[in-house]
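Colleague: Add chain B to chain A, keeping to what the hints say.
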Amino acid sequence: MIKILAKLVLTLGSNAGSAQVAAGLASGLALALIPPGNLLWPLLFLALFFTKAHYAVMLASAALFKPAAIAAAPLIDALGWAFLTHPSLEPTLTALYDAPIAPLTRFNDTLVAGGILAAVALWLPAFALGLFGVRAYRKRLAPAMAKSPLVLALKKLPLVKALGSAIGAARRVGEAQ
Amino acid sequence: MKERETKKSGAKPPKPHALYRKPVKAGRFEKRYLKAIELEADKKLLGDSFELRDGAYRLREGLGAAELKRLNALAPFIKANAGFVKGPPLVAAGLLTIGAAAFGAVGMNPLLERSVELGLEAVFGARVELDGFRLSPFGLRAGADALRIADAGAPMTNLIEFGRMELRLNLAAALRGKLYIEELSAASIATGTPRAVSGALPQRPAPEPKPRRERPEAPPLVDFERFDAAALLEAERGKLAVTAAYAEAEAAYAAAVGRWAGRRATSEAAIAQAQDAYAGLVALDVAALRSVDQATKALGELRAALSAAQGLRAEADGLVKDIGEDEARLAGLLRAARRATDEDLAYLKAFVNPRSGVAAAALEPALRATLSDAAERYLELGAKALAAATALATPPAERAVEPDRRGRVVRYPGARYPAFRLGLLSASFSDGGGSWELELRELSSDPALVGSPTKLSLRGESKDGVAASLNADAFLDRADPRSFRVRGELQGLPVALEDELQAVGLAGLRGTALGELGLEGDKDGTVRGGLTMRLDRPIAARASGTLGKAFADALTTAGALTLSADWQGGGPGPERFAIATDIDRLVEEAVRRVAETYARQAAAAVEAELRRYVSEDLADGLGSQDEFEALYAAAQGDLAAADALRRGLDAKRRSVEDKAGALAAAATAGAQKAAQEALRGVGVPTIPKIGP
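So the protein sequences, as listed, match chains A and B. Each residue of the first sequence is one higher than the one before, starting from 348 at the first, in this note's numbering. Each residue of the second sequence is one higher than the one before, starting from 331 at the first, in this note's numbering.
Isolated chain A (complex conformation) (with noise of 0.2 Å):
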C-alpha cells in the first residue's frame, strides 16, 4: 500500500506526462462509473490498456472513485432511466438494442446507461482539473511543500519516513531502468 502511494507520489513529482496523468484519473473515474459484468467495462479497461493514460493512477483514480459512485448509484439509475425511457430516443435505443454486440455492453440497464453517460459528461472535466493540478503541484505545491515547516517535521514522522524511503526506492528502481 506504502510503495503504491510513494508510487503515485513519486508519478506526480516525475516528469510522467502530466496529460497522461490527467487521463489516467479521467479514466478512472470513468472505470468507477461504469459497473462491470458486461462487456463494455473490459473493452474500455483493455482500450485504455493500450492508450498512454497512466495506468496506475488510474487504477488508483478507479479504487478511489468507486465508493463514490456506488453512493451516488440512485443519482446515476435515475439519469440513465431517463435517457433509456425518453420517448425520442426509443427508435434508436429499440434499433440498437437489435443491433449485434450492443445488447452484450448491456446499455439497457439503468445503471450502465447513467454511467456511460456520466463518464462521457465527467471525463473531459475531470481530465482538465487533473492537468492542471498536476501541473499546479509540479510547479508551484510540491517546490513550496518541500520548503514547509509542516512538511519538514512530518517528513520525521516513522509513516512518512517509511513512505520517503518507499519513494526513494521507487525512483531508483526508475532510474535504473
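In short, the hints are calculated from the structure, not lab data. For clarity, every value in this text was computed on a predicted model and none was experimentally measured. Some hints could be false.
[What the hints assert, rightly or not] In silico EDC-like cross-links for lysine to aspartate or glutamate, where the CA-CA straight-line distance does not exceed 16 Å: (1) B:Lys-373 <-> B:Glu-360; (2) A:Lys-486 <-> B:Glu-368; (3) A:Lys-486 <-> B:Glu-370; (4) A:Lys-486 <-> B:Asp-372.
Modeller: Relative to the frame of chain A, chain B by itself:
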C-alpha cells in the same frame, strides 16, 4: 577536464543512453525531447547537455557522471511521453489472445459444460450430467456425448437421457448475447432410465408427491346361477340409504331421551314430594273445623299448597309439550327411514336387472383405472416437460419502475431474438428393434417473439408392430389462453388385461387395440380429453359367472369391442369422466334369456332380504325410541298427577271457604243475640227538640 570531472564525482561516467548517442534534428529535439520533460530543472539540464551543430543537437562532450546519470534517467520519460499508444501492451494483448485461445482449447469446454449443467439444474430442479461437451466458437457448433437429466420426483430415475448430440448456433443471435440453437440432433432419446446415483440436488427439497386419486369401487355384478341375496345385501349395506336413515333416527331418539330424562325426573320428584307434603291438607276433615280461626288457618295453608301445585302442573305441562314437539320431529325421521327402504329396494333390484347398465357401471372403474395407468406415466412426463418449458418461458421478474440503486433493465419492443431459442431438436433412433423419429420445434424463453407454439412430433413403429404418432403443441405465450394440444394415433397395440376385469367375471382379456387420443389444456388448468379405441379380436380368459360367461361369448361373436371416453377436469368446473362402450349392449343381448328366468327370482329374494333386514336389524334396533316413548308417557302421567293434586287442593279450599263462611255467620248471629240480651231494660235518653 574529463579527468577532473571524473575525480570530482568519484565514479566512472556512465555510457549515454541510446537516445543521446546520435545527433537529433533540431525540430525533433525540441518536440520529442524537450517537450517530453516537464520538470524545469530536468528540462534545463537536457537543454544544456546538448549543443546545436550543423542543424542537429549533439550531446556535449565532457559531461560529468552525475549529469549523464540524470540524463539517462530522463530517457524513459522521453520515450514514454511521446505519442498516445503504448507498444508493450499491444504485445501483451497478443500474448493474452494466445493464452485465451489455449484456454479455450483446454479449459473452456469443462467450464462451459458445468455452466450448462448448472443452468439445466436450475430449470429441472434435479441433477444434470453433460458428458464430453465441446464447443467450436468459430464454427458456432457444439456437441456432447451424452446428457442425462434426473427426475426431481424420482431421483433414482432419469427424466430424459440423450445420446450423442450435435448442435448449430446462430451467429447473429450470439452477437446479440442470445443463445439460438438452430438445430440440435440427438442420436438417441430415452425416458425413465435408471440412475446409479441419486439425482436429487443437495439442499433442495424433493417435490411433494402428487396424491394418488382414490379409485372408485366397482359395484358387484350378480352371478344369477349362484345368486345370494343376503350376500348382495351385505356387500351393499354400507351404501344403503335405509341404514343411514335408521341410524339417524336412533341417534335422534337417544339424544331426545338424554335431553328430557333429567328434567322429567326432577318434575316427577317434585310432584311426589308435593303429594306427600299436601296429603294431610287433601284429607282434611272440614266438619272437624269448629272455629273461624281454625278455618282461616286451614284456608291459608290450602291456598299456599294450591299455588305450589299449580306451578308443578305448569312445569309438567311444559315438559309434555316440549317432548311432544320432539316426538313429531322424530316420527318424521322414522317415516323418512321407511321411504328409504323403498328406494334401497329399487337400488338393489338394479343389480339383478341386466338392462340397468350395471355391467358398464361395473366395468367403468376398471377401464378407467386401466386407462389411467397406461396414460398417467406419459401424461406425467408430458406435464413435467410442459412445466420445464413454461419455466423457461417465464421471464425473470422485472424490476420495479421505481428508482433502484441496483439499476433497472429497460426492455425494448421488437427485439429479434429471445434469450434462448431452440429452433429444432431432431432425433432418429432405434429402440429395441423399433425405429422412432422425434422433432421438437421452437422452444424459446420468449414465445411471443417467435410467434409459433412449441411443437413436438413423435412417430415410429416398435419391433412388435405398434405404430404410433403424436403431435403436441405447447402454447407458452402468456397472452394465449391455451396451454397445450395433443393429438395421438395408435395402431397394433397389444392389450392384455388381467385383474382389471375380475369384477365382470373375466380372468383376462387380450386383443389388439387401435385408437385416437386428443387432449387440450388451458392456462386456467382446465384439461379436456377424448379417446376412441377399438379392441380387435378380443379373447376372454377363464370366464366365470352368468355375466362373465355371457360377456366372453358376446365378445367372441362381435369380434371387436369399442370404447370412447371423454374427460374434463382440473379447471374451475367439476371433474367429468364419461365412458361409452358397447359392453352393455353385448352383455344385454347375451344374458337376456337367462335373465328372464333368474332376474324375477333374484328380485323377489332381494326384496325379502331387505325387508327382513329393516324389520329385524334396523327397526328392532331402535331401543331409544321405546325409551323415548316411555319417557313421553311418564311425562304425561306426571302432568295428570300434578293436575289431580291441584284439583284436590282446590276442592278442599272451596269446602274450607264454605265452612269458614258458615262459622263466621254463626258467630255473628250469636254475638247479636248476646247483645240484645244485655241491652234489655236499659232506657234510651231522648234528645230535646231545638228551634221554633
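Colleague: Does each hint fit the structure? Answer for all of them.
Modeller: Evaluation of the provided hints:
1. B:Lys-373 <-> B:Glu-360: Measuring from Cα to Cα gives roughly 11 Å; hence the hint holds.
2. A:Lys-486 <-> B:Glu-368: Satisfied, since the Cα-Cα distance of roughly 9 Å is no more than 16 Å.
3. A:Lys-486 <-> B:Glu-370: holds (8 Å)
4. A:Lys-486 <-> B:Asp-372: holds (13 Å)
Hint compliance for this structure: no hint is broken.
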